[in-house]
Amino acid sequence: MTARQPLLTRFLSFVLRLVIGGIFIYAGVVKILEPAQFANDVANYRVPPAALVNFVAITLPWVETVAGILMVMGFWLPGSSLVITGLMGVFLAAIGQALVRRLDINCGCFGTIEAGKIDALTLARDFALLFFAAWLCWRASAIDGNRGERNASANSGN
Amino acid sequence: MRRALLQAVILVLVSTVVGLAANALRRDMDKTGTPCRLPLIRPPRLPVTEKDRISVAEAETLWRAGTAFFLDAREPSDYAVGHIALAHSLPVEQFDKYFPKVASMLSPDSEIVVYCDGDQCDLSHRLMTLLRERGGYAHVRVLVNGWTTWRKAGFPTEKGAES
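Protein chains in written order, with numbering that gives the first Met the number 0: chain A, 0 to 157; chain B, 0 to 162.
Hints listed in this document are in silico derivations from the structure and should not be mistaken for laboratory results.
Don't take every hint at face value.
Stated by the list, open to error - Derived pair list, reagent style SDA-like, types lysine to any residue, alpha-carbon separation capped at 20 Å:
#	chain 1	residue 1	chain 2	residue 2
1	A	Lys-116	A	Asn-105
2	A	Lys-116	B	Pro-75
3	B	Lys-151	B	Trp-62
4	A	Lys-116	B	Ala-152
5	B	Lys-30	A	Ala-35
6	B	Lys-30	A	Asn-105
7	A	Lys-116	B	Lys-158
8	B	Lys-30	A	Val-28
9	A	Lys-116	B	Thr-148
10	B	Lys-30	A	Tyr-25
11	B	Lys-151	B	Glu-57
12	A	Lys-116	B	Ala-79
13	B	Lys-100	B	Ser-76
14	B	Lys-158	B	Arg-63
15	B	Lys-158	B	Glu-59
16	B	Lys-151	A	Asp-118
17	B	Lys-151	A	Asn-105
18	B	Lys-158	B	Ser-76
19	A	Lys-116	B	Asn-144
20	B	Lys-151	A	Ile-22
21	B	Lys-151	A	Arg-100
22	B	Lys-151	A	Val-99
23	B	Lys-151	A	Leu-32
24	A	Lys-116	B	Val-80
25	B	Lys-30	B	Asn-144
26	A	Lys-116	B	Gly-159
27	B	Lys-96	B	Tyr-136
28	B	Lys-96	B	Ser-106
29	B	Lys-100	B	Ala-67
30	B	Lys-151	A	Asp-103
31	A	Lys-116	A	Ile-22
32	A	Lys-116	B	Glu-57
33	A	Lys-116	B	Ser-76
34	B	Lys-30	A	Phe-109
35	A	Lys-116	B	Gln-119
36	A	Lys-116	A	Val-29
37	A	Lys-116	B	Arg-150
38	B	Lys-30	A	Leu-32
39	B	Lys-100	B	Ser-162
40	B	Lys-158	A	Asn-105
Work out the full structure, taking the sequences as your base and the hints as a guide.
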């Protein structure tokens, strides 16, 4: 199956892996460097209960960073792309509810590097990332599934 | 798909453990001098009674009369992006560093308005407590969600770092 993938699809997948994985590594590391600021940003979304805000601020950047590293390396691609797709879904929901509630808050997406307020553009950017991450996830799982079938056929002697 | 789910669960669990361990072990400060190690449970916000608050209308009256000092409790980088006109920067996370300069402009009877940004921001509440307890200033009030409220009301603002 892998060999039969068109060259363009494989190239696109490679580029997307580097770009999305790179964005996640960057976003994770800047938050790890400024956890107190990120905790304030998380609190401003008013989504997690106040007591859980620090837990989210401590652990989320590491999940982002590790998932990003794995995606760039192409290791555990089904899992890393699934985590990134899931995170993009969570971020979109958080930003969407904040916009609906008309909260005038910082994105916190890239720590203080991008100290911009959330707006429709943030939503559009995250939708694009969600779409491409989901595509990578679907593709990685399909390749993985086909590989599994091939191995099963080989083992049964067919 | 089952394999993807399994990998995802392991990835999240391992990263969470690494994150918690790193938080427990780190002793560094971020670029604003705030400790990077966070308490696992966020301390509850300091309570603000009604008499600790000032409305944006009253704050503006004091501002126009020039009878109150406005102190910005946020990070200097946020202050530089924009702040209430004539407000001074006193980032609560670096209180000891910035306080002496601000103190030289204040007297014990000074009327002080402190603010930060966002309903959930408690930097101004903490600054009010520090000013009362460590500075002995009695007339300190919080303009809740100050930067946004002031800006949206169309009152004077300015940009740039504290000179």
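Okay, the hints, checked on the actual structure:
Restraint check: the Cα-Cα separation between A:Lys-116 and A:Asn-105 comes to about 4 Å, which is no more than 20 Å; the hinted pair holds. Among the hinted pairs, A:Lys-116 with B:Pro-75 is consistent with the structure: their alpha-carbon atoms are about 18 Å apart, no more than 20 Å. Under the criterion of a C-alpha separation no larger than 20 Å, the hint pairing B:Lys-151 with B:Trp-62 is consistent with the structure, at around 16 Å. Restraint check for A:Lys-116 and B:Ala-152: satisfied, since their Cα atoms lie roughly 18 Å apart, inside the 20 Å limit.
The suggested pairing of B:Lys-30 with A:Ala-35 holds, with an alpha-carbon distance near 11 Å, which does not exceed 20 Å. For the hint linking B:Lys-30 to A:Asn-105, the alpha-carbon distance of about 19 Å falls within 20 Å, and the restraint holds. For a cut-off of 20 Å, the pair hint linking A:Lys-116 to B:Lys-158 stands: about 17 Å separates their Cα positions. Using a Cα cut-off of 20 Å, the hinted pair B:Lys-30 and A:Val-28 holds, with the two alpha carbons roughly 14 Å apart.
Distance restraint check for A:Lys-116 and B:Thr-148: the Cα-Cα separation of roughly 15 Å lies within the 20 Å cut-off, and the hinted pair is therefore satisfied. Straight-line distance between C-alpha atoms of B:Lys-30 and A:Tyr-25 comes to about 17 Å, which keeps the hinted pair within the 20 Å bound. A threshold of 20 Å between alpha carbons decides the hint, and for B:Lys-151 with B:Glu-57 the separation of about 15 Å falls inside it, so the pair holds. Straight-line distance between C-alpha atoms of A:Lys-116 and B:Ala-79 comes to about 16 Å, which keeps the hinted pair within the 20 Å bound.
For the given pair, B:Lys-100 sits about 18 Å from B:Ser-76 by alpha-carbon distance, which is consistent with the 20 Å threshold. Restraint check for B:Lys-158 and B:Arg-63: satisfied, since their Cα atoms lie roughly 19 Å apart, inside the 20 Å limit. Taking the CA atoms of B:Lys-158 and B:Glu-59, the gap is about 18 Å. The hint holds against a cut of 20 Å. A C-alpha spacing of about 16 Å is found between B:Lys-151 and A:Asp-118, which places the hinted pair at or below 20 Å, so the restraint holds.
Only pairs whose Cα atoms come within 20 Å are accepted, and B:Lys-151 paired with A:Asn-105 is accepted, the gap being roughly 16 Å. Distance check on the hinted pair: B:Lys-158 and B:Ser-76 sit about 11 Å apart at the alpha-carbon level, within 20 Å; holds. Only pairs whose Cα atoms come within 20 Å are accepted, and A:Lys-116 paired with B:Asn-144 is accepted, the gap being roughly 15 Å. Straight-line distance between C-alpha atoms of B:Lys-151 and A:Ile-22 comes to about 33 Å, which puts the hinted pair past the 20 Å bound.
A threshold of 20 Å between alpha carbons decides the hint, and for B:Lys-151 with A:Arg-100 the separation of about 16 Å falls inside it, so the pair holds. For the suggested pair B:Lys-151 and A:Val-99, the alpha carbons sit about 18 Å apart, so the restraint of at most 20 Å is met. Under the criterion of a C-alpha separation no larger than 20 Å, the hint pairing B:Lys-151 with A:Leu-32 is inconsistent with the structure, at around 32 Å. Pair hint A:Lys-116 plus B:Val-80 holds up; C-alpha atoms about 12 Å apart against a cutoff of 20 Å.
Only pairs whose Cα atoms come within 20 Å are accepted, and B:Lys-30 paired with B:Asn-144 is rejected, the gap being roughly 24 Å. Simply put, A:Lys-116 and B:Gly-159 have alpha-carbon atoms about 19 Å apart, close enough for the 20 Å limit, and the pair holds. Between B:Lys-96 and B:Tyr-136 the CA atoms are separated by roughly 18 Å; this keeps the pair inside 20 Å, and the hint holds. For the proposed pair B:Lys-96 and B:Ser-106, the alpha carbon gap of about 19 Å is at most 20 Å, so the pair holds.
Under the criterion of a C-alpha separation no larger than 20 Å, the hint pairing B:Lys-100 with B:Ala-67 is consistent with the structure, at around 17 Å. Taken as a hint, the B:Lys-151 and A:Asp-103 pair is honoured in the structure, with Cα atoms around 10 Å apart against an allowance of 20 Å. Distance restraint check for A:Lys-116 and A:Ile-22: the Cα-Cα separation of roughly 19 Å lies within the 20 Å cut-off, and the hinted pair is therefore satisfied. A distance of roughly 27 Å separates the Cα atoms of A:Lys-116 and B:Glu-57; the hinted pair therefore is violated under the 20 Å criterion.
Between A:Lys-116 and B:Ser-76 the CA atoms are separated by roughly 15 Å; this keeps the pair inside 20 Å, and the hint holds. At roughly 15 Å between alpha-carbon atoms, B:Lys-30 and A:Phe-109 fall within 20 Å of each other, so this suggested pair holds. Proposed proximity of A:Lys-116 and B:Gln-119 is supported: the alpha carbons are some 15 Å apart, at most 20 Å. Only pairs whose Cα atoms come within 20 Å are accepted, and A:Lys-116 paired with A:Val-29 is accepted, the gap being roughly 17 Å.
Distance restraint check for A:Lys-116 and B:Arg-150: the Cα-Cα separation of roughly 14 Å lies within the 20 Å cut-off, and the hinted pair is therefore satisfied. With a C-alpha separation of about 8 Å, the suggested pairing of B:Lys-30 with A:Leu-32 holds against the 20 Å cut-off. Taken as a hint, the B:Lys-100 and B:Ser-162 pair is honoured in the structure, with Cα atoms around 11 Å apart against an allowance of 20 Å. Among the hinted pairs, B:Lys-158 with A:Asn-105 is consistent with the structure: their alpha-carbon atoms are about 18 Å apart, no more than 20 Å.
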